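Number of protein chains: 2
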Amino acid sequence: MPQSSKIEILRHSLSHLLAAAVLEMFSKSQLGVGPAITDGFYHDFDIKNGEINPETLPRIEQKMKELIKRNLLFKKTTQPIDKALKEAKDKGLEYRVELIEDLKKDGAKTVSFYQTGDFINLCKGPHLKSTGEINFKAFKLTKIAGAYWRGDEKNTMLTRIYGVAFAAEKELKDYLKQQTEAEKRDHRKLGKELDLFVFSDLVGKGLPLLTPKGAIIRQELERFIIDEETKRGYLRTYTPDLAKVELYKKSGHWQHYKDNMYPSMNIDGEDYVLRPMTCPHQFMIYASRPRSYRELPLRYAEIAKQYRKEQSGELSGLIRVMAFSLADAHIICRPDQVEQEFKGVVELVQYVMKTLGIDDYWYRFSKWNPEDKKKYVNKPKEWKETQAQMKKILDKLKVKYVEVEGEAAFYGPKLDIQLRNINGKEDTAFTIQIDFDLPEKFDLTYVDEQGNKKRPMAIHRSSIGCLERTMAFLIEHYAGAFPVWLSPVQAQVVPVSQKFNAYAKKVVQQLKDKNIRTELNDSDETLGKKIRQGELQKIPYLLIVGEKEQKAKSVAVRDRKKGDLGPVKIDKFIEKIKEEVERKQ
Amino acid sequence: MPQSSKIEILRHSLSHLLAAAVLEMFSKSQLGVGPAITDGFYHDFDIKNGEINPETLPRIEQKMKELIKRNLLFKKTTQPIDKALKEAKDKGLEYRVELIEDLKKDGAKTVSFYQTGDFINLCKGPHLKSTGEINFKAFKLTKIAGAYWRGDEKNTMLTRIYGVAFAAEKELKDYLKQQTEAEKRDHRKLGKELDLFVFSDLVGKGLPLLTPKGAIIRQELERFIIDEETKRGYLRTYTPDLAKVELYKKSGHWQHYKDNMYPSMNIDGEDYVLRPMTCPHQFMIYASRPRSYRELPLRYAEIAKQYRKEQSGELSGLIRVMAFSLADAHIICRPDQVEQEFKGVVELVQYVMKTLGIDDYWYRFSKWNPEDKKKYVNKPKEWKETQAQMKKILDKLKVKYVEVEGEAAFYGPKLDIQLRNINGKEDTAFTIQIDFDLPEKFDLTYVDEQGNKKRPMAIHRSSIGCLERTMAFLIEHYAGAFPVWLSPVQAQVVPVSQKFNAYAKKVVQQLKDKNIRTELNDSDETLGKKIRQGELQKIPYLLIVGEKEQKAKSVAVRDRKKGDLGPVKIDKFIEKIKEEVERKQ
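Protein sequence lines correspond, in order, to chains S and A. Per the working numbering: the first sequence = residues 11 to 595. Per the working numbering: the second sequence = residues 11 to 595.
What the hints contain is simulated information worked out from the structure, not anything from laboratory work. Because the structure is a prediction, the values reported are computed rather than measured. One or more hints might be untrue.
Note: identical chains are not told apart, hence a pair may lie in one copy or across any two.
As the list claims (entries may be wrong) - The calculated lysine to aspartate or glutamate pairs, modelled on EDC-like cross-linking and capped at a C-alpha distance of 16 Å, are:
1) Lys319 / Asp251
2) Lys563 / Glu203
3) Lys147 / Glu179
4) Lys353 / Glu61
5) Lys315 / Asp251
6) Lys319 / Glu280
7) Lys223 / Glu305
8) Lys241 / Glu529
9) Lys215 / Asp251
10) Lys319 / Asp278
11) Lys16 / Asp534
12) Lys319 / Asp281
13) Lys539 / Asp205
14) Lys522 / Glu238
15) Lys259 / Glu450
16) Lys114 / Asp269
17) Lys260 / Asp211
18) Lys515 / Glu557
19) Lys572 / Asp346
20) Lys259 / Asp211
21) Lys394 / Glu413
22) Lys268 / Asp278
23) Lys75 / Glu179
24) Lys522 / Asp237
25) Lys524 / Asp237
Here chain S stands alone, though its shape is the one from the complex (with noise of 0.2 Å):
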């Protein structure tokens, strides 16, 4: 086991005292376990359902705090693990029961237990030396949920208290505002509050529907990419978005991915499966004539549909879903080629997250478990050879980055670049595989200078990911405030009173005729509510008009970021408005 760090423990000993807390307020209670986690500590309670609930949560607090005033000494004591169990036998304490013979089972001769004033529990500790270490102003009790005794759901739902807890208040403070924050840039909440997407029970959960200004977003990333790749001389098809068994299994999709396909459908006879990838479908295009060295490298990209199943529990948003469009690509090419192409991908990464505007990601090399033979094609010299080459050009490239064993595709390695989204989860957000086996299972060849038949290697990759978790991170990253060039609305007119919709309606036309996504504010609100109403929809530029500017023929800008502009004339807004969404701002 790993040294406690200092942090830690302070945490643990927190735990240790949300039991004696809760222990003491509600004697009927039975404990669960209580660990330190990351920013805090939880504990675990067999308690009435309901009896603990948000509004204890600050009396919970008021006692531990209580406690910890009382400056309490943790009093380590060690027990005879059969009396230990005898003990918690006679007691009826059956969570404590099952502990204590799980340690047995591994071997332990004896427990031992922490005790602060009549509080006792089973514990392997470390603790504090007292309660009065413990800065009291540091520590928040913060959410209460619902936890299966042992992750287990068939055993009992126990009530989990969570708190977070650091060594200075300062610290506390500034989690509790980073987290109002993230709160705030939620994407599933911005999502509802600047309507670009929904969800529908009658749909399904992770199904989400893209309303008409999510849709815009989705829209503009989809032609950025695609030109943006046809520059880089790739090639675009459309696949189906489902095939026959068939395919997988001679891909092997089916030997080792099953768990993460959807069920298969018999159709007069044929047992068809939505795809969960992209790259059998793509060779089949390859696949459909002789190849020359020539042609290679062959780069076809497309936006591809994706089924694959998700715990539903693990789905949130438009970061975990039950369909995604990925901007998904495979490059076939010669095996001299693989170095160049790779590049040629992690420089079209870094050009794209540089245009998004994300500068806080990193890179993983994932790679392959040799133990793990469902996951993995069990070739081990390929295996051995495609990593080594990897990291030839990882290196080469001086690319920065971990290793992870375990994480790669069952055909081969893969550079993994990894956002970490608002609430601190880790995710990875584009990948970068070659591949050695696929062309092989698809029997994929073209003719060399010689006129020798040779088997070509594939790189899968992806450009911008897949779109609904790049605008899932989009809309955190900016708080919902896009760059003009992503903004559904760019620019809203409003009139200073009524008098001024006519004027305003030719502004919004004039706007419209040059592309530019432009709404009108006519309701009867007040000029000042108009104004905040467009701010809370994060809308670019608002446009004011009223006498002066109609006969100025020009608006009252106000700029987002800097506020009021001034007036300025129409063709000028234009052009303004254009060169930066030209400019990708």
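For chain S, the structure is supplied; the task is to place chain A on it using the hints.
For chain A alone, kept in the frame of chain S given last:
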């Protein structure tokens, strides 16, 4: 029974002669049926497999011509039905026995036979007076196919010989010429020759894969229609391609349309199904928040994948597929807006047709069949009202249409825009539907000026149809020689010899930089062969470059339609082709 036309009688008589010829040549054959059909006739034979093959046809044709020259009379005789039945049984003519038994069941007392020379056949007639009336230069046996006795696959497979026949030799020649042309234009054949799409046995029948060249056409069509719809006030959505079965139970698809739907998939205890239509999905977006009369009409558009089961035998190229992408939209509007919106859709469809260069289309007003309770929602009052409304609108728009019963959607009447493909088969390209039913089923509402909840109407429509099918029409319409804006390759640079490859590459890059889809043909072939290759690929412009062009920074332009245009400065050519693309030429 309708009276047979003169040409039908001629064709029927040829079918009789075909039977006579085959029986004379292959005495062990038994006869199936032999009617006149569009453009010709056929006859079925129970004959040893392979005995008749395409090489046999000219010999049979020759035999028929002999019979014609002998100017044989068609002699009609009548027999009491039981006598005829006994004779057929005695002779072991099992098919004839079945036919006579059926006539008997229908109450016939006698049956008729027609005889020419020694050949006599059960036949209701009518026939010509004598074979001399047939122009033996105006018919031709065309092909052999298998056909189950009485169309039932449980029965014996018979050999069917097809022929075409006309009154005059010129008509036959014209017909055969048109057939050859149709074959040349067949999108399945051109799709292969021009490498636009492929099929894969591993992926499945009816699931085309668009190759890079086909994908360009599709992408151009998509962007064209999306931009055009946006100009006309449509809003885009992205909704999932599957949903809970529950959604389609609510919409009524499950009750009225299940036979066309894919099988459902059970995921985590919930049944999902691939969508046959987009309407309920877009309605869920409408229903996601309260709507005011001021927001209407809302025009939700989407390039939506849809999944409908087709009979495996019906699947054909890009025309009938297992999954297709519809340029779909649903307009939700106030009842007083229906007429204006309907008109807007008709205008859009007309604009699309004009842009695509198609003028041979017509309108079909598809109405409900009151008797078919399974197919249509049972709301006779609403059916009558909406059909009357649609008729009024159509008459007002001065749109000429044919009326057909039993072709409506289950929720309302349709205006179908009909096209005929190159083989003469009629297909619905686009459709506009007025829906009185689904807004009620989904309880869609809006708040009117007085603050009262009201029920909107819905218009379901397609603008450019199903992209796969529209592509098929366009391939056949243009015989693969697409207008420049749709051409996968817009220009090909052809150096007169290897010496000018470097200059040719420079020209290619200059054009590519201006987003002109350009290829280089730097193969070792002769100039003549390279030009022929380019012509076969139906590339709009071949740009020949040699010494003179290199010096003058020009290209020698060879126009697909107009031939040699002589030398043109590169900049001038770029200007010209960009303007053509802009004008969608």
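Here is what the structure says about each hint:
With identical chains, the CA atoms of Lys319 and Asp251 are at most 16 Å apart both within one copy (15 Å) and between copies (15 Å). For the homomeric pair Lys563 and Glu203, neither the shortest alpha-carbon distance inside one copy (33 Å) nor that between copies (57 Å) is at most 16 Å. Within a single copy, Lys147 and Glu179 get their C-alpha atoms as close as 5 Å, which meets the 16 Å cut-off; across copies the closest is 104 Å, which misses it. Taking the closest pair of Cα atoms, Lys353 and Glu61 never come within 16 Å of each other, the shortest separation being 59 Å inside a single copy and 63 Å across copies.
Taking identical chains as interchangeable, the C-alpha atoms of Lys315 and Asp251 lie at most 16 Å apart whether they share a chain (6 Å) or sit on different chains (9 Å). In this homomeric assembly, Lys319 and Glu280 come within 16 Å of each other (Cα to Cα) only across copies, at 13 Å, whereas the closest approach inside a single copy is 22 Å. For the homomeric pair Lys223 and Glu305, the shortest alpha-carbon distance between copies (14 Å) is at most 16 Å, but the shortest distance inside one copy (41 Å) is not. In this assembly of identical chains, Lys241 and Glu529 lie within 16 Å of each other by CA distance solely across copies; the values are 14 Å between and 33 Å within a copy.
Only between protomers do Lys215 and Asp251 lie at most 16 Å apart by alpha-carbon distance; the minimum there is 13 Å, versus 20 Å within a single protomer. In this assembly of identical chains, the alpha carbons of Lys319 and Asp278 lie at most 16 Å apart only when taken from different copies (9 Å versus 25 Å within one copy). When the C-alpha separation of Lys16 and Asp534 is checked against a cutoff of 16 Å, the pair qualifies neither within a copy, at 60 Å, nor between copies, at 75 Å. Only between protomers do Lys319 and Asp281 lie at most 16 Å apart by alpha-carbon distance; the minimum there is 14 Å, versus 18 Å within a single protomer.
Proximity of Lys539 and Asp205 under a CA criterion of 16 Å is satisfied in neither setting, with 19 Å inside one chain copy and 59 Å between copies. When the C-alpha separation of Lys522 and Glu238 is checked against a cutoff of 16 Å, the pair qualifies only between copies, where the shortest distance is 13 Å, while the shortest distance within a copy is 25 Å. With identical chains, the CA atoms of Lys259 and Glu450 are at most 16 Å apart within one copy only, with a shortest distance of 14 Å there and 46 Å across copies. Taking the shortest Cα distances, Lys114 and Asp269 never come within 16 Å of each other, neither inside one copy (36 Å) nor across copies (61 Å).
In this assembly of identical chains, the alpha carbons of Lys260 and Asp211 lie at most 16 Å apart only when taken from different copies (12 Å versus 36 Å within one copy). When the C-alpha separation of Lys515 and Glu557 is checked against a cutoff of 16 Å, the pair qualifies only within one copy, where the shortest distance is 14 Å, while the shortest distance between copies is 59 Å. With identical chains, the CA atoms of Lys572 and Asp346 are never at most 16 Å apart, being 52 Å at best within one copy and 44 Å at best between copies. For a Cα distance limit of 16 Å, the shortest separation of Lys259 from Asp211 across copies, 14 Å, qualifies, whereas the shortest one inside one copy, 34 Å, does not.
In this assembly of identical chains, Lys394 and Glu413 lie within 16 Å of each other by CA distance solely inside one copy; the values are 14 Å within and 70 Å between copies. Within a single copy, Lys268 and Asp278 get their C-alpha atoms only as close as 22 Å, which misses the 16 Å cut-off; across copies the closest is 15 Å, which meets it. Taking CA atoms no more than 16 Å apart as the test, Lys75 paired with Glu179 passes inside one copy only; the shortest distance there is 14 Å, against 108 Å between copies. When the C-alpha separation of Lys522 and Asp237 is checked against a cutoff of 16 Å, the pair qualifies only between copies, where the shortest distance is 13 Å, while the shortest distance within a copy is 23 Å.
Taking CA atoms no more than 16 Å apart as the test, Lys524 paired with Asp237 passes between copies only; the shortest distance there is 13 Å, against 21 Å inside one copy.
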